[in-house]
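2 protein chains.
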Amino acid sequence: MHNCTSHNDCITEALVRAESICNDRGLRFTDLRRKVLELVWTSHGPIKAYDILDKLDARIAAIKPPTVYRALDFLTENGLVHKINSLNAFVGCSHPLKHSECYFLICSDCGEAKECCSADLVEAIAKTGRRNEFLPEHITLEITGECGDCRGLH
Amino acid sequence: MHNCTSHNDCITEALVRAESICNDRGLRFTDLRRKVLELVWTSHGPIKAYDILDKLDARIAAIKPPTVYRALDFLTENGLVHKINSLNAFVGCSHPLKHSECYFLICSDCGEAKECCSADLVEAIAKTGRRNEFLPEHITLEITGECGDCRGLH
DNA sequence: AAGATTATGTTATAATATAACATTACCGGT
DNA sequence: ACCGGTAATGTTATATTATAACATAATCTT
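One line per chain: the protein sequences are B and U, in this order.
Residue 3 is where the first sequence starts when you use the numbering used here, and the numbers rise one by one after that.
Residue 3 is where the second sequence starts when you use the numbering used here, and the numbers rise one by one after that.
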């Protein structure tokens, strides 16, 4: 489902982007945060906190859960990573500068999660909020199903 | 946010409805399943599995987690209950006969979750699927925010 | 360099969920 | 009513996900 021609490039780009965003905002893009983000991007699809922990552990040493969760919290709060609640997993944000209206197409076959935006969806959600006098703050929209590749469309 | 005039009635109705649905489908609406569904409905908003367990334990005895999860699985599979992934909690389905296109407005203040439908949303999601050659199977749409009541609109 | 702030390390445990196997209840055929 | 099969529940143990609470270290500010 993913369409980067060279995944190494997209990892590198994500890290460069993240660093520059952190610099712009006066946030510290520490070694740990970089490594966690790198692992999130290296895993092609959503990755679980404890899988990150295992991989970090192999590379560094004796990493404990709070360390990973704190890095993930930082990355999530700053829009560099999204949590996929229906999977308890984390995925890199592909456009961290305008990410609030995003949703995920999650293939139950290959496990990839494609991040998408849709003006229609944003509008439909806003409309629903107005109709219900509800002020939306955060939207979780996760669509599981089967992607074209896995259905043999190509 | 909820608008039932008598919550006792809406619990009773939900149980009657559930029983009739199970009968129609040749499913067994056992005592345990009834009690779990009753607790889900009695809790005004989303309730956690272990809270159900505690309450059951007080009423019956020595209930263990698998017992509760199995009942919740049954209720969820049959559309009588929904799981709210962003809260790890469960809520009764308010219209179990046509529930596939539903989403939740979750008030972060009062904790209630209102189940809604919207043709616009369904269409926007379907369109997104088509555009991405993605075949949706299950949709998780959870909108957190603040409801009108909690913002003092009434 | 001192003090404040932020980040990370560490220990322990809480919260959520399931695997695997044993037992019991229920259903249909005779 | 009894038998045998299936579905439901009981039971034990453990896996998975996540956080609280406090200690130390790194960095930033002045």
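It is worth saying that the hints were derived from the structure and are not from the lab.
Worth double-checking, as some hints may not be accurate.
Residues from chain U that face chain B, not an exhaustive set, calculated with beta carbons under 10 Å [what the hints assert, rightly or not]:
id	residue
1	Asn90
2	Leu99
3	Cys109
4	Leu123
5	Ala126
6	Lys129
7	Glu135
8	Cys149
9	Leu155
10	His156
All residues carry an ideal CB built from backbone N, CA and C; glycine is no exception.
Hint check:
| no. | hint | result |
| --- | --- | --- |
| 1 | Asn90 | holds (9 Å) |
| 2 | Leu99 | violated (21 Å) |
| 3 | Cys109 | holds (8 Å) |
| 4 | Leu123 | holds (4 Å) |
| 5 | Ala126 | holds (4 Å) |
| 6 | Lys129 | holds (6 Å) |
| 7 | Glu135 | holds (3 Å) |
| 8 | Cys149 | holds (5 Å) |
| 9 | Leu155 | holds (6 Å) |
| 10 | His156 | holds (9 Å) |
Hint 2 alone, counting from the list given before, is not met by this structure.
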